[in-house]
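**Student:** Chain residues, written in single-letter form:
Protein chains: 2
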Amino acid sequence: MTTSRRITLATRPTEQVALTDFGSDEVELPALQKGEILVDVEYLSIDPTIRGWMAYDTYLPKIGIGEVIRSAGAGRVVESRNKAFPVGSRVFGMPGWQTRAVMSGGVPIPEGVSYEQALSVFGVTGLTAYVGLKDIGKPQPGETVVVSGAAGGVGSIAGQIAKIMGARVVGVAGSPEKCAWVVDELGFDDCIDYRAEDVAAGLRRTCPEGVDVYFDNVGGETLNAVLGQIKDHARIILCGAISQYNTGAPAPGPANLINAIPRRALLKGFIILDHMDRAGEAAAEMGRWLAEGKLQSRTHVLEGLDSAPLALQELFTGANVGKSLVRV
Amino acid sequence: MTTSRRITLATRPTEQVALTDFGSDEVELPALQKGEILVDVEYLSIDPTIRGWMAYDTYLPKIGIGEVIRSAGAGRVVESRNKAFPVGSRVFGMPGWQTRAVMSGGVPIPEGVSYEQALSVFGVTGLTAYVGLKDIGKPQPGETVVVSGAAGGVGSIAGQIAKIMGARVVGVAGSPEKCAWVVDELGFDDCIDYRAEDVAAGLRRTCPEGVDVYFDNVGGETLNAVLGQIKDHARIILCGAISQYNTGAPAPGPANLINAIPRRALLKGFIILDHMDRAGEAAAEMGRWLAEGKLQSRTHVLEGLDSAPLALQELFTGANVGKSLVRV
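As they're listed, the protein sequences go chains U and V.
The numbering used here numbers the first residue of the first sequence as -11 and each following residue consecutively.
The numbering used here numbers the first residue of the second sequence as -11 and each following residue consecutively.
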């Protein structure tokens, strides 16, 4: 008999995620059906979207009370009724916050790729940055790209890809250390510390000619400030709105959205689950950039399944630098 | 010696346009340079964008104090140093609010097209509706299209084009008479009277499955209400924001913009001056629809140059049904 220890949803958060929003239990797993695999979960991907799934229906139905927290993650196949995933192979998928998971499949992790890489640059995090820039932002050489959440999982990769595409890149992040990291280590051209400087003023300082492309991970006032300083034909990648996920009542929207008319701007929301068919292309291109030293991937790893609620909370307090993971 | 009587900008409006924002004078016109034409202005096109030009730099520089009010219009060539525009021919262009204008050219008005048609369905008004739907909205047969400012110049044509493209069309307008006109005469499927019914409630009533395409002429709370009820992959045509042009301070933006992420929505602003190369295609297609009785064009005509300020003011109080014009 196989059991799994799980972190479950106890109460729906209305504002900041609290550790008391979570429960835990141990359950027996059912026998595998044809096509299924049993996975020993080794890493979890801690993503802001989990906060949305806990609270309300979004692009996926909300998590039920008492159900395991839905989450991307990776691990090793320990039992298999699916020839594509033999025992001993490693897979990436949606196991949830638990020690073992019955999955109907996943994405094989190739030899030479670590779990940490599989869940960051080669996972949905890297794919999100890649698709957002390639399909929506389309920065041209010499254009100015602004990336918020610049020191986070998606933002840190997005800014580097924009640099590789030939753009001038300005980050927005929440501490001097984060700004120093994205400029000194990742090669961003400049960075605005939004806790130390008004973002609109920071944009005037760092982007005096305006913004061509904005990779938005935070929404709220930062989105509004950028919309006030866009150039003609600007492209706004609506990827996330982490500043808004913990507010009980909806905050005012961006008054400067009206500026999208005279500036002929495009804004486009996207959900990475629609673009999983691009994973192969993205992995090939980003793998080459990694090998050439053009792209760096940094992870922020907490230890143990029980640290997952804290890791999620940290996304909203800004404690992480790089992609947040939990080693189960 | 040729003179022109002009309506000029006296003071910049900060809120509702006042008749005292305008002055008038009579000026001598200079002798024609090579390539120029002298036009007896017969009709003016009264457009919401003029309110923006009076107040601040937008996609064009603001009008100077004491300068003629910038405006589209049409008239007859009475003197010509340009072979493309012989004396007696009719042209459409940007003469401004005056009785005579020296122009460097314009668009010839074909035989059989009236001034009123040239300035509505065949002018920038019709082209705006056409390009917004064809290039951004792209409604598919059976999809639900919402059009605000539905009884206005652009909106009334946009809704009819969406019907021709096979969509279900719901208007938003400001009186029972306007709603009756767009439903009974223009063939819209339904209409929300925003002065009588909360728009969000009206959308739940008329679009229970949500909105695929929104042609936005008004911005503000109507835009917010639609963003709260969009379907996956919705397209929002950011054409105008007439509800916001007369506010001294910027109103809050649409809080529901955040919904563009899970719904994978596109929002796109555009300025019709970028798309004048489409005028021939649009005129051919809309001319055929007119001839086939599929498209109706209605104008709201005020008499005399001096009525132009009132005509502009009426756009914001909602007095017009159809495209607003002044017969000079």
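Just so you know, not all the hints are guaranteed correct.
Quick list of the computed label-pair ranges, beta carbon to beta carbon [to be verified]:
no., chain 1, residue 1, chain 2, residue 2, range
1, V, 291, U, 193, 32 to 42 Å
2, U, 268, V, 307, 32 to 42 Å
3, U, 268, V, 269, 50 to 60 Å
4, U, 276, V, 130, 53 to 63 Å
5, U, 46, V, 154, 29 to 39 Å
6, U, 279, V, 266, 38 to 48 Å
7, U, 193, V, 0, 25 to 35 Å
8, U, 165, V, 307, 57 to 67 Å
9, U, 46, V, 307, 34 to 44 Å
FYI, nobody ran anything at the bench for these hints, they're computed from the structure.
Quick reminder that beta carbons are idealized off the backbone N, C-alpha and C, glycines included.
**Student:** The structure should be examined with respect to each hint, and the outcome stated for every one.
**Tutor:** Verification of the hints:
Separation of residue 291 of chain V from residue 193 of chain U is about 54 Å and departs from the stated range, judged on CB atoms against 32 to 42 Å. Between residue 268 of chain U and residue 307 of chain V the Cβ separation comes to about 59 Å, which falls outside the hinted range of 32 to 42 Å. At about 40 Å, the beta-carbon gap between residue 268 of chain U and residue 269 of chain V misses the expected band of 50 to 60 Å. Against the hinted window of 53 to 63 Å, the Cβ-Cβ separation of residue 276 of chain U and residue 130 of chain V comes to about 44 Å, which falls outside the hint.
With their beta carbons about 30 Å apart, residue 46 of chain U and residue 154 of chain V fall inside the hinted range of 29 to 39 Å. In this structure, residue 279 of chain U and residue 266 of chain V meet the distance hint of 38 to 48 Å, their C-beta atoms being roughly 47 Å apart. For the pair residue 193 of chain U and residue 0 of chain V, the beta carbons lie near 29 Å from each other, so the given range of 25 to 35 Å is met. Taking 57 to 67 Å as the suggested C-beta distance range, the pair residue 165 of chain U and residue 307 of chain V conforms, at roughly 59 Å.
Between residue 46 of chain U and residue 307 of chain V the Cβ separation comes to about 43 Å, which falls inside the hinted range of 34 to 44 Å.
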